[in-house]
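What the sequence shown shows, in full-length UniProt numbering, is residues 1 to 1012, in sequence order.
Honestly, the hints are just simulated from the structure, not real lab data. Careful: at least some of the hints might be erroneous.
Unchecked claim - Quick list of in silico lysine to aspartate or glutamate cross-link-like pairs, EDC-like style, CA-CA up to 16 Å:
#: 1; residue 1: 686; residue 2: 697
#: 2; residue 1: 393; residue 2: 342
#: 3; residue 1: 393; residue 2: 336
#: 4; residue 1: 686; residue 2: 699
#: 5; residue 1: 508; residue 2: 525
#: 6; residue 1: 1007; residue 2: 990
#: 7; residue 1: 100; residue 2: 157
#: 8; residue 1: 984; residue 2: 997
#: 9; residue 1: 114; residue 2: 157
Stated by the list, open to error - Beta-carbon label-pair distances, calculated as ranges:
#: 10; residue 1: 866; residue 2: 644; range: 47 to 53 Å
#: 11; residue 1: 566; residue 2: 688; range: 57 to 63 Å
#: 12; residue 1: 636; residue 2: 854; range: 51 to 57 Å
#: 13; residue 1: 938; residue 2: 250; range: 44 to 50 Å
#: 14; residue 1: 599; residue 2: 127; range: 28 to 34 Å
#: 15; residue 1: 491; residue 2: 250; range: 53 to 59 Å
#: 16; residue 1: 170; residue 2: 47; range: 26 to 32 Å
#: 17; residue 1: 158; residue 2: 491; range: 50 to 56 Å
#: 18; residue 1: 577; residue 2: 158; range: 40 to 46 Å
#: 19; residue 1: 83; residue 2: 117; range: 16 to 22 Å
Note that this is a predicted model, so its numbers are computed, not measured. Glycine included, every Cβ here is placed at the ideal spot set by N, Cα and C.
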Amino acid sequence: MSHPTLWPFTYFYPNGNSPAVCLTESLPAEEAAEVLLLGCGDPRSILYTLHVEPPTKRSSLNFTCCDIEPGVIARNVLLFSLIVDGHEDHYIWNIFYHAKLDSRSFSVLMSQIKKLLGYTIDLAAWEKSSYSKFLQFCSTYTLSQVHSYLEVYAQAEQYTEAKHRQMFSCFTRTFEARIDPDHVILDHAFAAALLEDWDYLPFERRGYRRQDDKSNILPFSELRGHPRWGSLRHSFLLNILVATAPLLSQDPAAVLYTEVKLSHGGAEKGLVKTLCIDAPTTGLLLGIAPFAAVAHFASKSKVETLLAPADSSYRDRIGWKAVCVATAVVSPSFPDAVGLADILFRIYIEMFPEEMGLMAGSARRRDRVHYNRGTFAALLGLVKSRLRIDWTKVMNRLFDLIEADRTLIVGSNYYQELCCQLHLQGVYSVDTLGPRREPVARPGVFRDWVNVPPVVCLVLVVPRQSIQVIEERSAKGTAGSPIFQCGIRGRSLRFHSIFSCIQIALGKVSARGSGQDREVSIIEDPEGWSGSSPLVVSVLVPAFNLVSDPELTQVSLSLHSTPETIPLMRVLGMWLELFTADISDKRSVYVTMNRPNCSSSPVGIASIPSAATRDHVPVTLRDGQISTLTGRWDLTQNDLGECGGSLKEAKIGHSQISLCAMELVINEAVKRKIVYPFPVDGLRAKLRIARKSGWIEMEVPVRPCVPSAPVDFCDTSFFARNRLPALWNLHRVNLASLPAVELGRNPDQRVSTLETHIMFALSDQECQLVRQKKCDARDLLVRVKETILQLFTNVVGANKARVFVFPTGNGQPDTIIYINGVRMDIAADTFILDVGVLPVTDKLLKGPLGSKVRAITERPEVGTASLDMTSTDEAEAWKHLFAAFTERCRTWSHREDTCRYASSGNIPVSVKGFEDPLCGCGEGHDLGAVSRDPQWKELAPRMTRGAISPLFFLGYLDTLDERLKELTSSACAACGKSNVNLRKCGRCKEVEYCSKECQTGHWKTHKKGCKA
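Please put together the full structure from these sequences, using the hints given.
So, in structure tokens, the structure goes:
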């Protein structure tokens, strides 16, 4: 992953600032879990995952934690060891979260650190410890860094009183930079600071800093990843997706979760602004897509979308899956190379808003630089590997656009770096770097070279005093996050090239050899930033860039220009140069074939091949957007034979069988599955049939990720996986681990709370449809949301319904659910109905239990309610949802020999009335309260447990502005009218009505909570 090199003293998060989540929520309950955490932070989500894991045993559960800050890893190792050793919870809590420790907690900590110090000497010692059975290190370097931090922690035992005062003073000074002087913080936790017998523990970042040229490569063949909020906020989304998309398995259960800040929605602007491209384009270019956006709903609430102003941003956790998880992997084919180049150019411009000048974009966007030309080159490399296209034609057009661009004011200064990175990553080589390049002249630094490669390494040694201005500002907390970059320019400014793909280290440089055989080594300073060693910068540059003006060329280390660096211009000058040296300065500048401490050459990387050998699907562009995908079936002689010899009289039909697949049917006998590289809208498919030539093309629009698009639950609930279900868009839950909601008190308050929560599952647009009663066939999702609201309000309302009857499209009873209770899904910020599901089938009605079923449906008792559902499409949608709601909470395993999903090949088994949609494997298993109800003793063995939750709109696709205005303004408690003359209830003086009729009609509901 390529990211600008930041000043490394800003970001350290010992404790997380986002809620814990279940890291295995997308995986089937018994499947092995391989979880990769990038920017892992503290282990709160690992611990929460272990807490909510269902009782079915996974074959393995493996977490790999990566973080650039060794202090984070060291703290986590310490925490896990304390837990496994069985120390009391309050000591563990104090050690991990408190800045000051009581004497007993401090004693436990010191004892544990001494124990770990002996085990972290080397990998052999660690393997002998009991901790190695569950906790392993991926490299010697990581283990050594953890050991170094433990040594620092151990020094706290020797601190004098003066040292304690010094550290506490340093600790409190940070408040000045972090706390607004106009704000007062009241927190009883700070009372502990007043106690005299507490020891201050330097259990934060101190002493040891990371070295930026160190990295660990993890050989993952597949990924179920969870980049956490800390890493995404400082790496940004496109970096993560480009780096991890190739690791993601094509398995439909595999998922990549990212946490990012997004703008509020409307026309997809939130996600587009963050990605630099829309979701369908992301899916086709990168091979992954945000699955909630494809389905148009989420099973998790986002409270931030309700509280944050419309012009602000909010935090969201987005799940990504491979867009094509079919057996036959297909690649997009772009016949329009120019159109693709135009899309890539738009991405290029959007990646660098800070280069557009002060008038373009917000200051906030200009201040947050997350991408460099290496990022763009990596993106192009991934695109090239996935697409079938004339790549040379694409790149020629792209370079024409970049060279002519005047939008990015300093874009031309980064041109050489762009060419260099494209060449190094095997994406494309311009003439000056390609195999037919002119030999590089050999004056100046290349005078002793026999052969000059197209790319060389430039090493710049920067004296420590040159970066003192940044260190001083860092000590005061005013440095921010300045970005280092390297410049090459002539003294006369005939040229000025800037390179941001640099590597830095602190230490001494030693060189040996001469000419092209010269090698540079860095002896790192163990004190890191706490020492006084110079800063060593290395960067790969085109060789010809060093001979344009060989005698007058200068090399510099500078800062990227952002709003926060403007005050430094008075000190550093317009170019923000920290240090400058002539190219001929042999003490400060080295030019070598390879990077320091490396013996292999970076050049000669094999070119990334285009996806020319896979099955391909042509892509049609319209107005610069992905419009349609075209699949083709060339019939063989055998196919034609089964069709009667030709297509002349054949009857040809089609249907959508999954998100990314259509099925062609000839004469209702011969079938062919057509797989697409992105979810499609099968309702608008068009056929082109060559009856004489014997081929059929099916052009299908891509599934739009916009709020107005229709939702079909048949293709957003499941993917078949070895003929068994894999959830597409619902997260799994363990009902036993979710706290139950007490239903016995304050029914009015419960109804109000739940109604508000579930009504905010509707966006402005959806709410308008509900109020105007204009929900038509296109608004299936809105009607399903209304039915879920009916369920919840009847359960917690005055009638306290426990049994509900779902009808077929013509009003006949089709499914019965029994409410075990209401539970809180804390990680998802929502409520869940714990239910038992009983499909009403013809077989059940005709059997010995038929009379009991008819008694429920035909002669309902108190506590039984029938739902208002009059459309066939919603009845069929609930068949899909019942299959999904029962799958998401199962504690049982599918039996492949008897599972009806496996035998029928359909999930659900059927959507027809009076037929069972479920597989039967979960009948009678772990049903909850219904299994203890004597009136349901005979029916319970035919039921399956399910978890019904609201379906929420997506904040980055749709808006909630109008609803928030209503929430903050007075309105009639009965009809909801606002901006009218309202009168308060004469008894409680709180609830308001617009008319006497509204007050009278609402009195039955209001009187229970009305108090004088």
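Verification of the hints:
Taken as a hint, the residue 686 and residue 697 pair is honoured in the structure, with Cα atoms around 8 Å apart against an allowance of 16 Å. With a CA separation close to 12 Å, the supplied pair residue 393 and residue 342 stays within the 16 Å bound. A hinted pair counts as satisfied when its Cα atoms are at most 16 Å apart, and residue 393 with residue 336 qualifies at roughly 10 Å. Note on residue 686 and residue 699: the hinted pairing holds, with a Cα-Cα distance of about 5 Å set against a maximum of 16 Å.
With a C-alpha separation of about 7 Å, the suggested pair residue 508 and residue 525 falls inside the 16 Å cut-off, and the hint holds. For the proposed pair residue 1007 and residue 990, the alpha carbon gap of about 12 Å is at most 16 Å, so the pair holds. Between residue 100 and residue 157, the direct Cα distance comes to roughly 14 Å. Compliance with the 16 Å bound is thereby established for this hinted pair. Among the hinted pairs, residue 984 with residue 997 is consistent with the structure: their alpha-carbon atoms are about 14 Å apart, no more than 16 Å.
Pair hint residue 114 plus residue 157 holds up; C-alpha atoms about 11 Å apart against a cutoff of 16 Å. Taken as a hint, the range 47 to 53 Å holds for the pair residue 866 and residue 644, whose Cβ atoms sit roughly 50 Å apart. Taking the beta carbon of each, residue 566 and residue 688 are about 59 Å apart, inside 57 to 63 Å as hinted. For residue 636 paired with residue 854, a C-beta distance near 54 Å keeps the hint of 51 to 57 Å intact.
About 45 Å separates the C-beta atoms of residue 938 and residue 250, a value consistent with the hinted range of 44 to 50 Å. The hinted range of 28 to 34 Å is satisfied by residue 599 and residue 127, whose Cβ atoms lie roughly 30 Å apart. Separated by about 55 Å at the C-beta atoms, residue 491 and residue 250 satisfy the suggested range of 53 to 59 Å. Checked against the hint of 26 to 32 Å, the C-beta distance between residue 170 and residue 47 comes to roughly 31 Å, which is consistent with it.
Checked against the hint of 50 to 56 Å, the pair residue 158 and residue 491 passes, with Cβ atoms roughly 54 Å apart. Against the hinted window of 40 to 46 Å, the Cβ-Cβ separation of residue 577 and residue 158 comes to about 43 Å, which satisfies the hint. Take residue 83 and residue 117: their Cβ atoms lie about 19 Å apart, and the range 16 to 22 Å holds.
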